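Here the protein sequences come in this chain order: A and B.
Using this note's numbering, the first residue of the first sequence is number 139, and each one after it goes up by one.
Using this note's numbering, the first residue of the second sequence is number 139, and each one after it goes up by one.
Hints in this document: simulated from the structure, not taken from any laboratory.
Some hints could be false.
Given that identical chains are not distinguished, each listed pair holds provided it fits within a single copy or across any two copies.
Heads up, simulated DSS-like pairs for lysine-lysine below, C-alpha to C-alpha not over 27 Å straight-line [claimed, not checked]:
1. 493 <-> 467
2. 437 <-> 345
3. 186 <-> 204
4. 399 <-> 443
5. 493 <-> 399
6. 186 <-> 152
7. 443 <-> 345
8. 381 <-> 467
9. 291 <-> 493
10. 317 <-> 345
11. 152 <-> 493
12. 477 <-> 204
Every value quoted in this text rests on a predicted model; they were computed, and no experiment measured them.
Number of protein chains: 2
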Amino acid sequence: MAGFEPLAEELVRKSLAEAAQEDLSYSHGRIFGSMYTTPHEKALEGHKMFLEANLGNPGLFPGTAKLEREVISILAGLMHHHGADGYITSGGTESNITALWIARKLANGNLDVMVPRSAHFSVFKAIDLLGMNRVDIDLDSEFRMDLTDLENKLSKHQTAAVVAVAGTTELGVVDPIEKIGEMLDGTRIYLHVDAAFGGFVLPFMDKPAPPFDFSVKQVSSITLDPHKMGLSTPPAGGFLVRKPSWLDLTAFSSPYLTQEKALSLLGTRASASVASCWAVLRSLGHVGYVEVVSECMDKTRYLAKRLGEEGFDLVMEPLMNIVAIRTGKRLSSPAEVCKHMATRGWNLSMSVHPKALRMVVMPHINRINIDELILDLLEITHHLRPEVKV
Amino acid sequence: MAGFEPLAEELVRKSLAEAAQEDLSYSHGRIFGSMYTTPHEKALEGHKMFLEANLGNPGLFPGTAKLEREVISILAGLMHHHGADGYITSGGTESNITALWIARKLANGNLDVMVPRSAHFSVFKAIDLLGMNRVDIDLDSEFRMDLTDLENKLSKHQTAAVVAVAGTTELGVVDPIEKIGEMLDGTRIYLHVDAAFGGFVLPFMDKPAPPFDFSVKQVSSITLDPHKMGLSTPPAGGFLVRKPSWLDLTAFSSPYLTQEKALSLLGTRASASVASCWAVLRSLGHVGYVEVVSECMDKTRYLAKRLGEEGFDLVMEPLMNIVAIRTGKRLSSPAEVCKHMATRGWNLSMSVHPKALRMVVMPHINRINIDELILDLLEITHHLRPEVKV
Chain A
139 MAGFEPLAEE LVRKSLAEAA QEDLSYSHGR IFGSMYTTPH EKALEGHKMF
189 LEANLGNPGL FPGTAKLERE VISILAGLMH HHGADGYITS GGTESNITAL
239 WIARKLANGN LDVMVPRSAH FSVFKAIDLL GMNRVDIDLD SEFRMDLTDL
289 ENKLSKHQTA AVVAVAGTTE LGVVDPIEKI GEMLDGTRIY LHVDAAFGGF
339 VLPFMDKPAP PFDFSVKQVS SITLDPHKMG LSTPPAGGFL VRKPSWLDLT
389 AFSSPYLTQE KALSLLGTRA SASVASCWAV LRSLGHVGYV EVVSECMDKT
439 RYLAKRLGEE GFDLVMEPLM NIVAIRTGKR LSSPAEVCKH MATRGWNLSM
489 SVHPKALRMV VMPHINRINI DELILDLLEI THHLRPEVKV
Chain B
139 MAGFEPLAEE LVRKSLAEAA QEDLSYSHGR IFGSMYTTPH EKALEGHKMF
189 LEANLGNPGL FPGTAKLERE VISILAGLMH HHGADGYITS GGTESNITAL
239 WIARKLANGN LDVMVPRSAH FSVFKAIDLL GMNRVDIDLD SEFRMDLTDL
289 ENKLSKHQTA AVVAVAGTTE LGVVDPIEKI GEMLDGTRIY LHVDAAFGGF
339 VLPFMDKPAP PFDFSVKQVS SITLDPHKMG LSTPPAGGFL VRKPSWLDLT
389 AFSSPYLTQE KALSLLGTRA SASVASCWAV LRSLGHVGYV EVVSECMDKT
439 RYLAKRLGEE GFDLVMEPLM NIVAIRTGKR LSSPAEVCKH MATRGWNLSM
489 SVHPKALRMV VMPHINRINI DELILDLLEI THHLRPEVKV
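Go ahead and model the full structure; you've got the sequences and the hints to work with.
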């Protein structure tokens, strides 16, 4: 069969090495367009020790299963509800799907889901997959879910769930979750918080963050991703529910496995990532993450300050480690800038609400990278402005 | 925060080592209840080289993306349709969900899905998740989808899809896919084949296997899992569609990433597993898998013969590397036997259609393991029969 002859060992190794070489590396400090980073060395070490494990059949891997219980217990504490339960997922998409699947089960036929326009596309995907109806909620002047629009639309729909975001992908803003909770108080509407990015940033900030987790009593479930700012190896997402019994709503009988019921959306699970999470959480501890976040925020403020000094129009003062600059005199087209910056080895990205050039200051970024980025950004935006004589 | 203080490096390492020790290991030859096995050494090597990669954002990892294209090309060829497209998923569940999601998109409002009672529970889960309606199809005397029952039910339902199985989880049987295809000819009903297990067995058998792949022209999509008999590291599933354009039906705009649209169900993807797949596929080649399957089938026939000699009632002559023995005089309760065998370090499992004790002969099993298994099985089933004087 064509292309399916065995290759000699040295050729396999050579091809893998070449492919690895072609991939970009976070460690070069030129990736500003990703919410991922070099995993922590302990995460890598833990991952490599558990490459056989599969928590799809947990009775065979009681050691890995125990590590997962400890990770979930730490995450539940971090989210201010020790009684929460959940599991390590493959990432935000699986977690968001599971949340809305549970919401649909609880909703007695209601299918409408209120989602801010700033939500990650995985939420839109989950709604489509589940056959639910998406109701878009406008953003307020600070790019957060607009409470008036939400209130208005809640009154007109058979709402199953509201999805709020703690740390939007585009700008890192936090929806007014406490107020949304108050609005939902006394209803049976499910409130899911997508803190895929913010879940490993907000709890570790030097300034108190707006309440977004189970401390808001109406919050039903939370997505938070160890493989983003948690520094775990991908794929490693986290999914927590306030009431452990809700996990049974999506359980399926699994007669041929070691457990009677399979709870998670996926069968086979990225179990080496569970060990990876455990290793980095226990190595860094709360204090270690405070340091990680503090360093990222220092560099973020530096980037924002420098961009401002150079005349770029910041969308907002960064709340988290994301900086966005608006289209305007100094920046004609974010897409064009991204493309030109890519030819110089930079990866930047874009936001849509508002249209802007977006930079995420992950732990792999240092100040020299920022200085170099700004030099190239100045050159490229200068050349891209047709009205400027070069 | 309780439990979230940093641990010293040596304690982290010690705890991980203890957890790894608690996990069972395929290499001890006592796991007969799993469709997983020790990954191939090249799979492990490839996996470890790509722990940062994330094909959720493929522009950053062009090397890994190229490896995936090559894997998909090999799998498409193996499934007899070079024009097929697809991607590496997290496993059978994601692949089966994606197949039925596409089927729903193509079905113009039809929501009924015909599924044999022998289908893996991930298919039932996918139907629930997608808000589709499950129509159970009975099994014939050989535990395959019953064609008369299927024909009868097709005439009464608004059918979106039929799911057929090539290598059932319980018994390793193959549904009459060619005949099912003929029955669907001229309709717009989507035919998905779940070959999660069989996809890496049937193409490599010494006897010609019944047609199950794209060689049956009505087959729309196929699930086949590299992390089962493909010897890749988990999680690594495969999903192939006959028409590449169908992948666009479930695509979502991903403005902040390097690609315009995200095709796969999950965002972050187990990309180290892609390198792992590539490495094992290219190391073994077609001829290597023929050898793997041939050895498994030899040991399977040996196990079946020995069980027969000892008076156990085989459910059927094994077609693939799964042996099941029926409840009867020699075997009172499969569940009891599993429990007792577990106290002696064996992992066996059960099937429901029919109620039986089930053993999968994966590559980690050798003849000595089989001989020891039978000795313990004889002792335990002897003691469990109350009518026998010990």
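Just pull the numbers of the violated hints for me, sorted ascending.
4, 8, 11
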